[in-house]
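Asker: Spelled out, the chains give:
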Amino acid sequence: MAIEDDVLVIGGGLAGTTAALAAAAEGAQVRLVTHKQSTLRHASGLIDILGYTPEGDGPIVDPYEALAALPEGHPYERVGTDAVRDALSFFDEIAGDEYAGSHTEANALVPTHGGTVKPTARYPSSTAAGLASLPEDTLLVGFETLSDFDAPLAASHLEAAGAPFTARGVTVPFPGIVRDDAKINRYAHLLDREETVQTGAGETSARDALAATVEPHLEGEPRVGFPAIMGDEHPAEVRADLEDALGVDVFEVPMGPPSLPGMRLEDLMYDALKDAGVRITSGVPVVDYERDGGAIDHVLVDRHGQEIPHRADQYVLATGGLVGKGVRSERERVFEPIFDCYVPHAADRYDWFVEDVFGEQPYARFGLVPDRELRPLDADDEPEFSNLRAVGAVLGGYDYAAEKSGAGVSLATGYVAGGRAGAEASG
Amino acid sequence: MSDAERPMDDHVPGEEEGFEPIQVFPEAEEMDLRPGADNCYKCSTCDTNCPVAEVDDEFPGPKFQGPEQWRLKRQEDHDIDDSVMKCSNCMRCDSACPSEVPLSQMHNTARAEYVEENMSTFSREYLRNRMLSNYRTLAPLAATFPRTANFVMGLSVTKWMGEKVLGITSEREFPEFAKTTFREWWSDRGGAKVENEDKRIAYFHGCYSNYNTTEVAKALVRVYEHFGYEVMVPEQACSGTPMFANGMLDDARRAAETNVRELAAAIEDGADIVASCSSCSMSIRQEYPELFDFEGTEEVAENTWDAVEYLRVNEDLEGALEGTEVEDANFAYHAPCHSRNQGLDGQTIEVMSAIDGIEAEDVGKSCSGISGTYGWKEENYETSMKIGEEMFEHMEEADATTGLTECPTCSMQMEHGTGYEIRHTLQVLEAALLGTELEAT
Ligand SMILES: Cc1cc2nc3c(=O)[nH]c(=O)nc-3n(C[C@H](O)[C@H](O)[C@H](O)COP(=O)(O)OP(=O)(O)OC[C@H]3O[C@@H](n4cnc5c(N)ncnc54)[C@H](O)[C@@H]3O)c2cc1C
Ligand code: SF4
Ligand code: SF4
Numbered sequence: 001m002a003i004e005d006d007v008l009v010i011g012g013g014l015a016g017t018t019a020a021l022a023a024a025a026e027g028a029q030v031r032l033v034t035h036k037q038s039t040l041r042h043a044s045g046l047i048d049i050l051g052y053t054p055e056g057d058g059p060i061v062d063p064y065e066a067l068a069a070l071p072e073g074h075p076y077e078r079v080g081t082d083a084v085r086d087a088l089s090f091f092d093e094i095a096g097d098e099y100a101g102s103h104t105e106a107n108a109l110v111p112t113h114g115g116t117v118k119p120t121a122r123y124p125s126s127t128a129a130g131l132a133s134l135p136e137d138t139l140l141v142g143f144e145t146l147s148d149f150d151a152p153l154a155a156s157h158l159e160a161a162g163a164p165f166t167a168r169g170v171t172v173p174f175p176g177i178v179r180d181d182a183k184i185n186r187y188a189h190l191l192d193r194e195e196t197v198q199t200g201a202g203e204t205s206a207r208d209a210l211a212a213t214v215e216p217h218l219e220g221e222p223r224v225g226f227p228a229i230m231g232d233e234h235p236a237e238v239r240a241d242l243e244d245a246l247g248v249d250v251f252e253v254p255m256g257p258p259s260l261p262g263m264r265l266e267d268l269m270y271d272a273l274k275d276a277g278v279r280i281t282s283g284v285p286v287v288d289y290e291r292d293g294g295a296i297d298h299v300l301v302d303r304h305g306q307e308i309p310h311r312a313d314q315y316v317l318a319t320g321g322l323v324g325k326g327v328r329s330e331r332e333r334v335f336e337p338i339f340d341c342y343v344p345h346a347a348d349r350y351d352w353f354v355e356d357v358f359g360e361q362p363y364a365r366f367g368l369v370p371d372r373e374l375r376p377l378d379a380d381d382e383p384e385f386s387n388l389r390a391v392g393a394v395l396g397g398y399d400y401a402a403e404k405s406g407a408g409v410s411l412a413t414g415y416v417a418g419g420r421a422g423a424e425a426s427g
Numbered sequence: 001m002s003d004a005e006r007p008m009d010d011h012v013p014g015e016e017e018g019f020e021p022i023q024v025f026p027e028a029e030e031m032d033l034r035p036g037a038d039n040c041y042k043c044s045t046c047d048t049n050c051p052v053a054e055v056d057d058e059f060p061g062p063k064f065q066g067p068e069q070w071r072l073k074r075q076e077d078h079d080i081d082d083s084v085m086k087c088s089n090c091m092r093c094d095s096a097c098p099s100e101v102p103l104s105q106m107h108n109t110a111r112a113e114y115v116e117e118n119m120s121t122f123s124r125e126y127l128r129n130r131m132l133s134n135y136r137t138l139a140p141l142a143a144t145f146p147r148t149a150n151f152v153m154g155l156s157v158t159k160w161m162g163e164k165v166l167g168i169t170s171e172r173e174f175p176e177f178a179k180t181t182f183r184e185w186w187s188d189r190g191g192a193k194v195e196n197e198d199k200r201i202a203y204f205h206g207c208y209s210n211y212n213t214t215e216v217a218k219a220l221v222r223v224y225e226h227f228g229y230e231v232m233v234p235e236q237a238c239s240g241t242p243m244f245a246n247g248m249l250d251d252a253r254r255a256a257e258t259n260v261r262e263l264a265a266a267i268e269d270g271a272d273i274v275a276s277c278s279s280c281s282m283s284i285r286q287e288y289p290e291l292f293d294f295e296g297t298e299e300v301a302e303n304t305w306d307a308v309e310y311l312r313v314n315e316d317l318e319g320a321l322e323g324t325e326v327e328d329a330n331f332a333y334h335a336p337c338h339s340r341n342q343g344l345d346g347q348t349i350e351v352m353s354a355i356d357g358i359e360a361e362d363v364g365k366s367c368s369g370i371s372g373t374y375g376w377k378e379e380n381y382e383t384s385m386k387i388g389e390e391m392f393e394h395m396e397e398a399d400a401t402t403g404l405t406e407c408p409t410c411s412m413q414m415e416h417g418t419g420y421e422i423r424h425t426l427q428v429l430e431a432a433l434l435g436t437e438l439e440a441t
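Line order of the protein sequences matches chains A and C. Read left to right, the first sequence gives residues 1 to 427 (the working numbering). Read left to right, the second sequence gives residues 1 to 441 (the working numbering).
Misleading hints may appear alongside valid ones.
[As the list claims (entries may be wrong)] Chain C is nowhere near these chain A residues, computed Cβ spacing over 12 Å in every case: (1) Val61; (2) Asp97; (3) Pro164; (4) Asn185; (5) Arg223; (6) Thr281; (7) Val284; (8) Ile308; (9) Glu382; (10) Ala423.
[To be verified] Below, simulated PhoX-like cross-link-like pairs (lysine-lysine); rule was C-alpha separation at most 20 Å, straight line: (11) C:Lys42 with A:Lys325; (12) C:Lys386 with A:Lys274; (13) C:Lys42 with C:Lys73; (14) C:Lys386 with C:Lys86.
[Stated by the list, open to error] Stretch-level coverage of chain A by chain C, calculated; a stretch enters the list once three of its residues show a Cβ under 8 Å from a Cβ in chain C: (15) 178 to 184; (16) 249 to 263.
Hints listed in this document are in silico derivations from the structure and should not be mistaken for laboratory results. As the structure is a computational prediction, the values presented were derived from the model and not from experiment. The beta carbon of each residue, even a glycine, is placed where N, CA and C say it ideally should be.
Isolated chain A, as found in the complex (with noise of 0.2 Å):
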């Protein structure tokens, strides 16, 4: 017997989940198999669309306008800026109000623990108070034992990348952490669980101790940045609690992996999955499959040893690039390794980067190359299987890194294949 559904989504990273949730909406029984964490968990938390253009231009104002000069082959392209829209309604509609930026079309400028801004189309809310484009100075607080943000530093970047306010940056002990090492999850859990920390004060909880040690540095500014380590379960509770004791608005600011931002997306999308009646089993891969005719009959997920079949109507690839391990290299070629897609890349492995770490790498544009269906085509440009769509950071034609478009991508392709996937297993 196999485990049968009406949809399979392969690969549980955003373009996964989303596909996954627009499957379900259409009324299909669906599953997601994923096997490692995916790269949400290193992701800053933004809901990118485009912030550059692929030869570098921007940051842009308006991502929507410049979406309809992108080159042929580009993922929204494929999709259509109108479905571009409608899949960030839908993002908006999961996120709820854990998640602000859809009063515009325009991209907002987060500043990054780096002290440079970023633009991005939504955002979580806890970042909400810091946007470079509100002119209200700002106090930075760092921590001594964190050392990925120095917080005087970022400051005097934010200030000299032109910002419309002062910024000021603090570096004060974090209480109740006494490891210079500590893990970011481990500064959540005490906000989150308010735990009783030792000051010379004598004992308090973690949120007041925190809030009574940076009163002291605060100069009149309305706005108070921390790094994004404020809670994990109840960000939302420990950023009004401190609020309210420091008077001020207080908001995150992105930093880099791990990431609890983008833990928090990734909750927010299993939550959901989990609303939606969506089957989940992870830290097992799939590994093969089996054809009927031009079609997929089933897939085998491999449960530590056993090959267990799969089966289903319609299937959704969203196994990610290099880092989600959807494409893989070795030296002679690049290739995708559960079915086999077609991957174009050049003979030549010394062609496939360039010196340059920052230069522009072919390989950051390895994938799969999909029809407007988001149907993987073979090299004859026929597609690979009838019923099997691909999404996310497995597609090829562009370059999320440098365009800032991660996961503005993923969630239109998963948003558009996971719908026409759904509709055709329950249809």
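Following the hints, put chain C with the ligands in place on chain A, whose structure we already have.
Answerer: Chain C with the ligands in isolation, oriented as in the chain A frame:
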């Protein structure tokens, strides 16, 4: 560098010029994991999944315990850091790592090396750990005199002695010993009731369902016989899970040798292996082939299944459950870490949804915190309860006062933290398919 500020190159270790692929696993028996450390690109995903690091910042986390420690060892003659004994062996880091670093294998070997080289065999800690991990050798004694054992274990003076002399926390209730062990019940019953050459399973019951929660083991037998299986109950030793977690690799090896031999023989007789405890199946499926290479280890690993998973794949379990009913049963379900690692975290909820009258709510992804013998140690008790807090809260928020899980120690923790009675999925299947009462364990 972060994507938040600068273009991220989708960098894969190994793409740079001059890179030579390194053989990650030279020879299993050498267990030199240093080369595997090179796969780590320091993304810290493992660290953000470690339940111990989340509540105790003195624990340096899996990235340090695994790849960094092995890397240090390669450079010079470094001792294993004693913090490795604070790892609970939940193996969450293992399934988190996007880069195929064999974290739990590294931890298991590091722990063994630490115990071998840095822990005196006369120390209280060593004795205590040895005793806890060899629960199986003490249990038969207790099982011979279950009343006495239950009485003595419950005495406050025994608990006090346990804590003061052995470092076993007095906060916990010792699990009750069954008056008749599962194996005794099995032989009194005259063994299998169904004979079937074509459908045969060998049951790895593990220690706990033999000596303590015998109802789980009996439920397995009845459910499998209901589907027409011939059940075999081969000789067996402890799965080794508590021994790995305590760095008692020699003890684990001895136990594994017996198990591999007996289970391989059952496979010869045409059986597949099924286990009802998620740590037992994890151990046989993953840790055995990672750590040992007795003849047949791979074959045994490949033919071992979780008991419910086996029925789902080989029978139409959900079809058989259509139309069955269990009266008004609400459960708060916790997926054990060792089920998650096997891709089984969603299974119980899916299966339960086929039975009428049952509401089973998943209480989320947090670790229960007990991790076998870990939470029994006086020095870990507080950490263990802090980790469990989130699960307790979610259980209490759920619309149920009975817990459900497949791991015996998770169920102890669930009961300890909430006072709920806890059931095993197999018991619910038994009630649905055979109309029996849902018995207490
Ligand atoms: C470090 C980093 C930071 C980023 N930051 C941002 C950002 O700030 N903003 C932004 O918009 N974008 C960002 N991105 C990009 C963005 O996260 C990705 O482009 C995009 O979301 C890709 O998602 P995905 O779902 O396609 O793939 P992934 O997130 O890579 O997920 C793929 C999933 O598939 C699973 N998988 C792989 N093979 C199998 C298999 N055989 N069987 C089952 N499962 C399998 C993997 O385990 C993984 O869970 C970042 C990317 C990285 C690497
Ligand atoms: S096994 Fe669990 S406790 Fe040990 S390092 Fe890994 S995640 Fe942490
Ligand atoms: S998750 Fe894997 S690659 Fe990342 S730091 Fe941990 S061991 Fe290294």
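Asker: Verify this label for me: Arg223 of chain A is non-interface relative to chain C, using a Cβ-Cβ cutoff of 12 Å.
Answerer: Correct as stated: the minimum Cβ-Cβ distance to chain C is 19 Å, above 12 Å.
Asker: At least three residues with a C-beta closer than 8 Å to a C-beta of chain C: is that true for the region 178 to 184 of chain A?
Answerer: Contact hint for the region 178 to 184 of chain A vs chain C: holds, 6 residues under 8 Å.
Asker: Is it the case that Val61 of chain A keeps its Cβ farther than 12 Å from each residue Cβ in chain C?
Answerer: Given that every Cβ of chain C is farther than 12 Å from that of Val61 of chain A, nearest at about 19 Å, it holds.
Asker: With a cut-off of 20 Å on the C-alpha distance, tell me whether Lys386 of chain C and Lys274 of chain A pass.
Answerer: The hint is violated at about 26 Å.
Asker: Just to be careful, I want the Cα atoms of Lys42 of chain C and Lys73 of chain C compared with a cutoff of 20 Å; is the pair within it?
Answerer: holds (17 Å)
Asker: Is Lys42 of chain C within 20 Å of Lys325 of chain A, Cα to Cα?
Answerer: Holds - the C-alpha atoms of Lys325 of chain A and Lys42 of chain C are around 16 Å apart, at most 20 Å.
Asker: When you look at the beta carbon of Ile308 of chain A, is every beta carbon of chain C farther off than 12 Å?
Answerer: violated (6 Å)
Asker: Does Thr281 of chain A sit more than 12 Å from chain C, CB to CB?
Answerer: violated (5 Å)
Asker: Verify this label for me: Ala423 of chain A is non-interface relative to chain C, using a Cβ-Cβ cutoff of 12 Å.
Answerer: holds (24 Å)
Asker: Against chain C, does Asp97 of chain A hold up as non-interface, every C-beta pair farther apart than 12 Å?
Answerer: At about 21 Å from chain C, Asp97 of chain A clears the 12 Å cut-off, so the statement holds.
Asker: Is the Cβ of Glu382 of chain A farther than 12 Å from every Cβ of chain C?
Answerer: Per Cβ check, Glu382 of chain A is outside 12 Å of chain C; nearest 28 Å; holds.
Asker: Please verify that the nearest CB of chain C lies beyond 12 Å from Pro164 of chain A's CB.
Answerer: holds (19 Å)
Consistency with the previously given hints fails for numbers 4, 6, 7, 8, 12, ordered from lowest to highest.
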